[in-house]
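Chains as they are written, first to last, in the working numbering: chain A, 695 to 917; chain B, 695 to 917.
Just so you know, these hints were derived from the structure itself, not from any lab.
Being a predicted model, the structure only gives us computed values, none of them experimental.
Hints should not be assumed to be uniformly reliable.
It does not matter which identical chain is meant; a pair holds if it fits inside one copy or across any two.
The calculated lysine-lysine pairs, modelled on DSS-like cross-linking and capped at a C-alpha distance of 27 Å, are [to be verified]: (1) 852 x 765; (2) 803 x 852; (3) 739 x 868; (4) 852 x 773; (5) 829 x 803; (6) 817 x 839; (7) 739 x 852; (8) 799 x 814.
What follows is each chain in one-letter form.
2 protein chains.
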Amino acid sequence: MMVEKNISQAVIRRLPRYYRYLGQLLEEDVEVERISSHELSQMMKVTASQIRQDLNNFGGFGQQGYGYNVKFLYTEIGKILGLEQNHNVIIIGSGHLGQALANYKSFGKRGFTFTAMFDKDPKVVGTKVGDITIKAMDDLGAFLKENQVDIATLAIPKDAAEEVADLLVENGVKAIWNFAHLDLEVPRDVIVENVHLSESLMRLSYDLNQNKGEYKKDAYKSR
Amino acid sequence: MMVEKNISQAVIRRLPRYYRYLGQLLEEDVEVERISSHELSQMMKVTASQIRQDLNNFGGFGQQGYGYNVKFLYTEIGKILGLEQNHNVIIIGSGHLGQALANYKSFGKRGFTFTAMFDKDPKVVGTKVGDITIKAMDDLGAFLKENQVDIATLAIPKDAAEEVADLLVENGVKAIWNFAHLDLEVPRDVIVENVHLSESLMRLSYDLNQNKGEYKKDAYKSR
Numbered sequence: 695m696m697v698e699k700n701i702s703q704a705v706i707r708r709l710p711r712y713y714r715y716l717g718q719l720l721e722e723d724v725e726v727e728r729i730s731s732h733e734l735s736q737m738m739k740v741t742a743s744q745i746r747q748d749l750n751n752f753g754g755f756g757q758q759g760y761g762y763n764v765k766f767l768y769t770e771i772g773k774i775l776g777l778e779q780n781h782n783v784i785i786i787g788s789g790h791l792g793q794a795l796a797n798y799k800s801f802g803k804r805g806f807t808f809t810a811m812f813d814k815d816p817k818v819v820g821t822k823v824g825d826i827t828i829k830a831m832d833d834l835g836a837f838l839k840e841n842q843v844d845i846a847t848l849a850i851p852k853d854a855a856e857e858v859a860d861l862l863v864e865n866g867v868k869a870i871w872n873f874a875h876l877d878l879e880v881p882r883d884v885i886v887e888n889v890h891l892s893e894s895l896m897r898l899s900y901d902l903n904q905n906k907g908e909y910k911k912d913a914y915k916s917r
Numbered sequence: 695m696m697v698e699k700n701i702s703q704a705v706i707r708r709l710p711r712y713y714r715y716l717g718q719l720l721e722e723d724v725e726v727e728r729i730s731s732h733e734l735s736q737m738m739k740v741t742a743s744q745i746r747q748d749l750n751n752f753g754g755f756g757q758q759g760y761g762y763n764v765k766f767l768y769t770e771i772g773k774i775l776g777l778e779q780n781h782n783v784i785i786i787g788s789g790h791l792g793q794a795l796a797n798y799k800s801f802g803k804r805g806f807t808f809t810a811m812f813d814k815d816p817k818v819v820g821t822k823v824g825d826i827t828i829k830a831m832d833d834l835g836a837f838l839k840e841n842q843v844d845i846a847t848l849a850i851p852k853d854a855a856e857e858v859a860d861l862l863v864e865n866g867v868k869a870i871w872n873f874a875h876l877d878l879e880v881p882r883d884v885i886v887e888n889v890h891l892s893e894s895l896m897r898l899s900y901d902l903n904q905n906k907g908e909y910k911k912d913a914y915k916s917r
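This is chain A alone, in the form it adopts within the complex (with noise of 0.2 Å):
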């Protein structure tokens, strides 16, 4: 069965959370064949429709009266999502932002596996996170010369963000999940997929100020 490719950006924004909740369902139970769309919805809090319009993107699915299949359409939005392959992954900045990333389990399942970590304060070059010896930031360019790095990742003060950016582009990176809160300048064929904590935080501040005194019906909704 073919899979489209022409899949809208909003589909693919919701993809990881179809992803989650289906090796959700896996995970409690590896025999679980099928799920309905009604099923999924109660379970994902979105209406049946919007289910049955976005999973229509990965084609012959959802026939009336059988559902989905679960561990295909699992495997087929994790490909799609290039999950089904290996990416190395830099981590540049070893404060407890880094260290967090550094740790989290849940990405190595995925297929992100951390090789390296920079930092530029010689105290901490030398020491250990999990399995990784933290590399001085004058080795960096040697480093990204002499290995493949698929993604870095920025978890340092936005002040340095733009050096290191362009050291990593001029060295080929082509993807960075930047932390800092600045929008950097790099050539079109360079992905950046920012976390910008404090935007979070403050579409947070705006939602709380809104329901001060009136109802909001879609408080509750993920996003």
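We have chain A already, so just place chain B on it with the hints.
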């Protein structure tokens, strides 16, 4: 000048970014008076027409030939985002992620005050993170009864998150900043802002996959 309160969710989600760029302008030059939609458009890499549409929500700013009053717009957006008032924030979980969040200097500047941190590990209870002494999870309920908590941050694994969220909700917390990788079940008047890092990494992986081979027009776009 009255500010319209009926602003679309899409605009709201973009406000923190406007707020950041306007704040940067003021940081660089506290005397800066105005900026044209064209200049702002070049800085933010969105179209000038998008900016005009978004900022029209804030009433009579963008006069032709004048542009926007930077300080006024910054202040108004701050008000809408609820940043002119103080929010007491607690953090559940004193691991690397919790500590990273506790140490973010910029949160304090925007009116988010970290007032307490909790952990279930007796070995860390009583130790300090910055100025804050880590309290025992068993004391969370009593703390919530005695102190105003506006936002509770969940920086704990997903297995423990639902139970803690229930306790928060029972004790009147109306906003949860959730880093645990699950969708919390909370009453409709409780706001949950999710930061699902592994879903962010999956979107990056998806884009990286798509990029192999084909030129991707909007790869650099901030999101």
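Could you figure out if residue 799 and residue 814 sit no more than 27 Å apart (CA to CA) within one copy, between two copies, both or neither? Both: 25 Å inside a chain and 20 Å across chains, each within 27 Å.
Alpha-carbon proximity context of residue 852 and residue 765, limit 27 Å: between (41 Å within a copy, 23 Å between copies)
How do residue 739 and residue 852 come out at 27 Å by Cα distance, when the copy is not named: within, between, both, or neither? between (37 Å within a copy, 18 Å between copies)
Within, between, both or neither: residue 803, residue 852 at alpha-carbon 27 Å: So residue 803 and residue 852 pass the 27 Å test across copies only (16 Å; inside, 30 Å).
Cα distance capped at 27 Å. Does residue 817 pair with residue 839 within a copy, between copies, both, or neither? within (25 Å within a copy, 43 Å between copies)
Treating 27 Å as the Cα threshold, decide for residue 739 and residue 868: within, between, both or neither. between (35 Å within a copy, 20 Å between copies)
Homomeric proximity label, residue 829 with residue 803: Cα distance no greater than 27 Å: Cα proximity of residue 829 and residue 803: one copy only (24 Å, versus 33 Å across).
What label fits residue 852 with residue 773 when the C-alpha limit is 27 Å: within, between, both, or neither? between (33 Å within a copy, 25 Å between copies)
In summary, the structure agrees with every hint in the numbered list given earlier.
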